[in-house]
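Listed in order, the protein sequences are those of chains A and B. Just so it is clear: in the first sequence, position 164 is 163 by numbering that gives the first Met the number 0, and no numbers are missing. Just so it is clear: in the second sequence, position 223 is 222 by numbering that gives the first Met the number 0, and no numbers are missing.
Hints are not guaranteed to be accurate.
[Said to hold, decoys possible] Here are the computed distance ranges between Cβ atoms for each label pair:
(1) B:Gly130 / A:Ser184: 22 to 30 Å
(2) B:Asn15 / A:Arg97: 12 to 20 Å
(3) A:Ser184 / B:Arg143: 29 to 37 Å
(4) A:Met160 / B:Glu231: 48 to 56 Å
(5) A:Lys258 / B:Arg176: 33 to 41 Å
(6) B:Arg143 / A:Lys258: 46 to 54 Å
(7) A:Leu157 / B:Leu31: 32 to 40 Å
[Unchecked claim] Facing chain A, from chain B, some residues (calculated, C-beta under 10 Å):
(8) Phe23
(9) Pro33
(10) Val96
(11) Val99
(12) Tyr101
(13) Gly103
(14) Arg176
(15) Ile182
(16) Ile184
(17) Ile198
(18) Phe199
Hints are computed from structural coordinates only; laboratory data are not their basis. Note that CB positions come from ideal geometry on N, CA and C, so glycine has one too.
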Amino acid sequence: MKKRMDCLRRYLGLLGLFARYSLMEQMEYRVNFAAGIAVECGYMLIKLMYAFLILQAGVSLNGLTSWEMLMCVGTYILITGLFMSMYPNFCLLSFSVRDGSLDMLLTKPVNTQFLVTLRKLDFGMPIPNVLCGVALIVYGWQGAGLAVTVTGIVGFVLLCMTGLFLTYCLFLIPELLSFWFVSNSGVHQLSEAVRDFDNVPMNVYPKWLQRLGIFVLPVFVITNFPTLYVARKLSVPMTIWAFAAAALVFALQRLVWKKALRRYTSANG
Amino acid sequence: MKLSGYGCIFGMGLQNSMVYRADFFLSLFSCLFPVIMQVYLWTALYRVGAADTSGYTYEQMILYTLLAGITSRIVSTGFELEVAQDIKEGGLNKYLVKPVNYAGYYFARFLGGKAAPVGFLLAVTAAVLAGASAVLQIRVEPLRWVLYGVSVILALALNFSLFFAIALLGFWLTEIRQLFGTISIVVMVISGGVFPLDIFGPAAAVLSAVLPFGYTTQFCVNIVSGRLGMQEIGTGFLVQLAWIALFTALHTVMWKRGTRRYTAVGG
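Looking at chain A on its own, in the form it has when it is part of the complex (with noise of 0.2 Å):
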């Protein structure tokens, strides 16, 4: 146990230094840094304008008030404000391999999924993400009258850190592709559309493709099942299988990124 203790702080420790050193890049470069916070306003608005057309219609749907939809659509902002911190890394991924650049990564006596996913941390693209999920969750929270609670803010909080892990594993399989073909931006396209299904809630959806994003791909797992759970209509079975899907594409996940590094060649390295 302390051994486990010990690796999780060195790797906590580890996180510190790459944000830290991600902080002093991107203040190097200030005007890119401004930019990619400008980029992700404008993807903001495209969600925002979905939060609008929600609100303005204020009726309920399938069982959700406005209120708790303007929850998810939050939810779905903020988590993907906090993913947005690690996407270039998986941008990155495939010019690694590509270029072989990941050789160098492969001789550090560091876990490579970490040091490859995680190394490069940025700070302008989650702000305005960050703020404007939290300021929706606050809003709807409030609009929709749900008690606050220690239980119901823990559950939230947890609910939607699962979430943020569940969306690192199964938005990183697409980019392992990256180790069999030379090109995968079809893919990144396709898993990127894939995720946007969450800028509405989910009971807009018909039954069956419910079942599919959440037993299938659980892609509303991620931004749906913490509202849920504030508002309690999300059941215990469903809860423990929010857990369980991530643990699950976990597993998923290092199968697939184990086979990966088996196939990479170096090539150019």
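Chain B: place on chain A using the hints.
Relative to chain A, chain B alone:
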């Protein structure tokens, strides 16, 4: 350069777009996802009578959603990064010493790159609309399809001249690549590529009528959806032509002034 030269560049653009065919089809396939999402959203809102859409009927909105996703993909650009890189890293030199018009070169390549996706998207559009017409009982006059085709061709030229002018800002701003991301997203939104702008109130409707962006997507789609009368369509064509002339004049002036400033760094 002779016209046949630009024909070769067109061919090159076509070949480039088909190098990674799996990527090509996957990226086109991915543009269906937001359309599916919006169709379900509108269906749910209209079912409970809660869609405040400034007079769009359910059929018109579904038709808009189906066509806007495809139209915005047809008219989208993407060459601006290359132009900015040419300016920044000196790649422009090779074009300056050749008897080729730089804007003409990129326009021919842009059209070549578009040929295959547009062909494929038109086939998808025809299939989707045939299905939608059967389900939603929508009847669109053949003349409106012809006018839609004309408007899309003009929208292509308008979007090219608009983004070419934006790309030439590279002569004055060294690092503008990130800026393109923001601009293209904002342009996509304010051109009506996600939702028709007029559903966001009268001010948004006026802006979409006055600014050039709405004439790249929303105007084209509303020809088919039946929201526009023949007189409005005629006026729209004139506005499209006026914006094309304005942006072409703008990028011509920018090119002349920019090349005077150009220092061929790294060339």
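Hints versus structure:
no. : hint                            : result
1   : B:Gly130 / A:Ser184: 22 to 30 Å : 29 Å, holds
2   : B:Asn15 / A:Arg97: 12 to 20 Å   : 18 Å, holds
3   : A:Ser184 / B:Arg143: 29 to 37 Å : 35 Å, holds
4   : A:Met160 / B:Glu231: 48 to 56 Å : 52 Å, holds
5   : A:Lys258 / B:Arg176: 33 to 41 Å : 35 Å, holds
6   : B:Arg143 / A:Lys258: 46 to 54 Å : 52 Å, holds
7   : A:Leu157 / B:Leu31: 32 to 40 Å  : 34 Å, holds
8   : Phe23                           : 7 Å, holds
9   : Pro33                           : 6 Å, holds
10  : Val96                           : 31 Å, violated
11  : Val99                           : 28 Å, violated
12  : Tyr101                          : 25 Å, violated
13  : Gly103                          : 28 Å, violated
14  : Arg176                          : 8 Å, holds
15  : Ile182                          : 8 Å, holds
16  : Ile184                          : 3 Å, holds
17  : Ile198                          : 8 Å, holds
18  : Phe199                          : 7 Å, holds
Checked against the numbered hints given earlier, the structure breaks hints 10, 11, 12 and 13 and satisfies all the rest.
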